[in-house]
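These protein sequences, in sequence, are chains F and Y. Going letter by letter, the first sequence gives residues 1 to 117 in the UniProt record's numbering. Going letter by letter, the second sequence gives residues 1 to 117 in the UniProt record's numbering.
Don't take each hint at face value.
[Unchecked claim] No more than 30 angstroms apart at the CA atoms, straight line, and that leaves these computed lysine-lysine pairs for DSS-like: (1) F:78 / Y:35; (2) F:35 / Y:78; (3) Y:78 / Y:35; (4) F:35 / F:78; (5) Y:35 / F:35.
[What the hints assert, rightly or not] Take a look, some chain F residues computed to stay more than 12 angstroms from chain Y by CB distance: (6) 47; (7) 81; (8) 110.
In short, the hints are calculated from the structure, not lab data. Glycine residues also receive a C-beta, built at the ideal position from the N, C-alpha and C atoms.
Protein chains: 2
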Amino acid sequence: MSKQLTVLESEVCCAPLTAATVSAEAATDLAAAFKALGDPVRLQLLSMIASADGGEACVCDLTPAFDLTGPTISHHLKVLREAGLVESDRRGTWVWYRANRPRMAALSALLDIAPAT
Amino acid sequence: MSKQLTVLESEVCCAPLTAATVSAEAATDLAAAFKALGDPVRLQLLSMIASADGGEACVCDLTPAFDLTGPTISHHLKVLREAGLVESDRRGTWVWYRANRPRMAALSALLDIAPAT
């Protein structure tokens with residue numbers, strides 16, 4: 001089981017930033033996820049994984065898309081996994097990744113603020 | 001006029017990560033915004049600003065909520081502003097901040113992915 005930050009679903013899901021001030025505890029968890037998204041390569045990796053046919057992507061398909069070494073791509077995937085943004089399974093030689101959709105939905109809801117009144 | 005990263009609205013707005021792979025150019029802009037959100041204090045500041053009565057908050061109301069110095073809070077607000085997440089106006093002695101709602105909506109839409117099929 002990979003190390004993952006705890007998702008505080010009850011505090012996070014569906015409560016936009018305009019609804020109330022985020023608690024310090026929730027902010028720490030959420031900031032870790034946003035920090036993981038704060039890199040162009042990781043954002044592209046997550047995009048490739050989330051848009052892959054069948055909802056999952058093999059590391060063997062991800063690595064050739066970048067002008068980066070395998071270990072560098074593996075490091076970025078580890079950061080995404082530890083932030084709870086992707087989940088992974090090893091099958092034989094390769095590791096497969098899929099997006100953690102509830103986690104992404106919670107982050108989306110947080111930023112989904114109503115127009116100013 | 002404060003320095004702000006260009007928002008690539010046409011590429012960003014309303015296209016979730018599942019729709020297509022994010023281009024390298026868009027990923028750089030988006031990652032900068034997520035990186036700015038990747039700090040608990042900045043997330044709380046943005047939450048306080050976005051949820052403030054009238055949609056804007058005075059730096060004089062934000063600073064006392066944290067056990068941090070004024071310059072530290074100002075630095076965090078500058079990071080949020082340079083990432084295009086908040087806008088600011090000086091009125092007399094104080095600077096007032098409001099959330100850049102279209103920018104936040106674009107980030108929200110990006111993470112708003114449909115359930116796996």
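Status of the hints after comparison with the structure:
no., hint, verdict
1, F:78 / Y:35, "holds (17 angstroms)"
2, F:35 / Y:78, "holds (17 angstroms)"
3, Y:78 / Y:35, "holds (13 angstroms)"
4, F:35 / F:78, "holds (13 angstroms)"
5, Y:35 / F:35, "holds (5 angstroms)"
6, 47, "violated (4 angstroms)"
7, 81, "holds (16 angstroms)"
8, 110, "violated (8 angstroms)"
Violated hints, in rising order: 6, 8; the structure is consistent with all others.
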